[in-house]
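S.K.: Model the full structure from these sequences, guided by the hints.
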Amino acid sequence: MNLLEVDGVDLSFGNRKILSHVYLSCETGEVIGLIGRNGSGKSSLLKVIFGTLTGAHQSVRLNRQYVKKLHQVSQSINFVTQEGVLMSYLTLDDLIKIFHLRKYEAELLAIDEIKRERFTRLGALSGGTRKLIEITVHLYADTMFTLLDEPFSYLSPVLVETLLPIIQQRSRVKGIILTDHQYQTVWSVSSRRLVLYDGIVQEVKEQEELEQYGYLSF
Amino acid sequence: MRNRLVAIKYFYRECTIYHLIFTTLSLNIFLDDNPSIYAYIFWTKVIGYAFTFGIYQMSRHRYFYFFYNLHVGKTFMLMSSIVLDVILMILLMLIIQLIVN
Chain A
419 MNLLEVDGVD LSFGNRKILS HVYLSCETGE VIGLIGRNGS GKSSLLKVIF GTLTGAHQSV
479 RLNRQYVKKL HQVSQSINFV TQEGVLMSYL TLDDLIKIFH LRKYEAELLA IDEIKRERFT
539 RLGALSGGTR KLIEITVHLY ADTMFTLLDE PFSYLSPVLV ETLLPIIQQR SRVKGIILTD
599 HQYQTVWSVS SRRLVLYDGI VQEVKEQEEL EQYGYLSF
Chain B
19 MRNRLVAIKY FYRECTIYHL IFTTLSLNIF LDDNPSIYAY IFWTKVIGYA FTFGIYQMSR
79 HRYFYFFYNL HVGKTFMLMS SIVLDVILMI LLMLIIQLIV N
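Protein sequences, first through last, are from chains A and B.
Heads up: the first sequence is residues 419 to 636, going by our numbering.
Heads up: the second sequence is residues 19 to 119, going by our numbering.
The set of hints was computed from the structure by calculation and includes no laboratory data.
Some hints here could point you the wrong way.
Just some of the chain B residues that point at chain A, by a computed CB distance under 7 Å [claimed, not checked]:
no., residue
1, Tyr58
2, Asn87
3, His89
Since the model is a prediction, treat every value here as computed from it, not as a measurement.
Quick reminder that beta carbons are idealized off the backbone N, C-alpha and C, glycines included.
M.R.: If you want it as structure tokens, here you go:
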């Protein structure tokens with residue numbers, strides 16, 4: 419069981435305060451759904467956790483040990499940004515070698531959309547299939563936590579349906595924090611939902627609560 | 019260790035075209051009959067590295083996450099890319115010197 423905690427995150431861009439004393443925790447087995455309006459700081463929070471963005475104050479702890487840049491800790495975390503992180507010339511077969519996924523090869527190739535594109539360069543794939551491969555590979559990679567920024571955007575409903583069981587299955591062995599504007603999909607796959615509002619993270623139990631945080635208007 | 023080797027391989031591949039351009043320029047200077055060729059080569063390569071990493075930072079910034087996901091830092095990648103390129107440059111200079119002499 420691994421525990422990731424971020425605490426006291428303060429982040430501003432110029433005079434604009436993005437995050438204010440944010441606390442967030444995630445442990446193995448959890449899927450944390452982070453919901454918030456555009457510009458509310460969701461992606462920034464993920465970058466702070468990952469270690470590529472530094473706030474004025476922050477404390478990131480992995481298994482109660484302070485970490486300065488989490489991504490530099492071996493097998494700790496990986497992050498799929500909304501733009502994608504893999505070079506176009508790579509193929510799934512390359513990725514299996516790069517991320518040591520031989521032991522999961524059978525599981526990966528059991529996914530039809532992935533299997534048929536094993537030797538195709540990512541740049542030659544449709545945006546949706548490319549994204550599905552990027553996310554699946556990082557979910558299967560041997561890390562304690564995975565951060566997914568807008569994993570469902572550009573995915574057709576059928577690809578979302580393919581991805582959801584993978585997220586749930588991989589959450590048994592790792593913690594996952596994801597954020598997306600398809601809030602109902604986020605809601606369905608998450609074990610805990612947090613809303614980022616006015617720089618502060620609040621836990622939400624019912625979808626109706628999203629209205630009071632200005633995310634929905636029922 | 020394996021992740022670092024993979025990162026070096028792919029980051030060098032990412033920068034190859036820019037390194038090649040500035041290596042060709044430097045080798046061209048090397049063939050000149052000029053007492054200050056090493057200073058010129060040094061500064062050509064320094065400008066080349068600044069240009070290469072500047073361009074990469076601006077246009078392919080998102081791919082840094084590929085390397086971060088291998089738990090390899092930016093400084094390590096930049097330094098290893100420079101070291102590899104310097105070794106290649108020295109080898110090429112030695113080969114040219116052997117051929118010319």
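S.K.: All hints, please: hold or fail.
M.R.: Consistency of the hints with the structure:
1. Tyr58: Not OK, violated: B/Tyr58 not within 7 Å of chain A, min 33 Å.
2. Asn87: 4 Å, holds
3. His89: 5 Å, holds
Checked against the numbered hints above, the structure violates only hint 1.
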